[in-house]
Amino acid sequence: MALFSTLRRDTPREPDIRRTGADDPVLAQWGMLTDDPATEYWILDGRDGNPVGMAWLRPVAGQQGTVQAWILVDRVVRHFGLGERLWTVLEERARRLKAISITSFATGQEGAAFLHDHGFDPTHDETMPDGTVRAHGICQLR
1 MALFSTLRRD TPREPDIRRT GADDPVLAQW GMLTDDPATE YWILDGRDGN
51 PVGMAWLRPV AGQQGTVQAW ILVDRVVRHF GLGERLWTVL EERARRLKAI
101 SITSFATGQE GAAFLHDHGF DPTHDETMPD GTVRAHGICQ LR
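Going by UniProt numbering, the first residue of the sequence shown is number 1, and it counts up by one from there.
The set of hints was computed from the structure by calculation and includes no laboratory data.
Heads up, a few of these hints could be off.
What the hints assert, rightly or not - Pairwise CB distance ranges (calculated): (1) PRO129 x GLY21: 32 to 38 Å; (2) PRO129 x PRO37: 31 to 37 Å; (3) ALA28 x GLY49: 14 to 20 Å; (4) ILE138 x ALA38: 15 to 21 Å; (5) GLN64 x PRO25: 18 to 24 Å; (6) GLY49 x THR127: 31 to 37 Å; (7) THR127 x ALA22: 20 to 26 Å.
Bear in mind the structure is a predicted one, so any value in this text is a computation, not a measurement.
C-beta atoms are modelled at their ideal positions from N, C-alpha and C, and glycine is treated no differently.
Produce the entire structure from the sequences given, and follow the hints as far as they go.
Here's what the structure looks like:
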């Protein structure tokens, strides 16, 4: 029995999404903070307990029924479907806010691909001089 409990303790835990506040130092470190107090933040912790993805969501001022979101995912997070979990959280929260659409933006090939995978109509994709891809789009909630 002792061996079993040792193995369980050393086994990596499942990735977890947690809602957090603007005072979380990880958000500032990753450049995820906004100047809008209505912004809601989530962090996706990996199996080792370290953050591997982040997202924020906020209503768009002056545009009833629209929320703005930013999801920060990398290739590994996207490949293993962890970004899907972040997207599900944002989509559910947007519906609770009575949103009919989400406008979002992403940086990097993985972020742009993630937006396109989720039905965003690309309204603005560009490649920066350093090769970084920036994508922006709108997704109608069904």
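Hint-by-hint comparison with the structure:
With their beta carbons about 36 Å apart, PRO129 and GLY21 fall inside the hinted range of 32 to 38 Å. Distance hint check for PRO129 and PRO37: the Cβ-Cβ separation is about 35 Å, which falls inside the suggested range of 31 to 37 Å. At roughly 19 Å, the beta-carbon separation of ALA28 and GLY49 lies within the given 14 to 20 Å, and the hint holds. Taking the beta carbon of each, ILE138 and ALA38 are about 20 Å apart, inside 15 to 21 Å as hinted.
The hint said 18 to 24 Å for the Cβ distance between GLN64 and PRO25, and at roughly 34 Å that hint is violated. Evaluation of the 31 to 37 Å hint for GLY49 and THR127 yields a pass: the beta carbon distance comes to about 35 Å. Range check, THR127 to ALA22: Cβ separation about 32 Å, and the 20 to 26 Å hint is violated.
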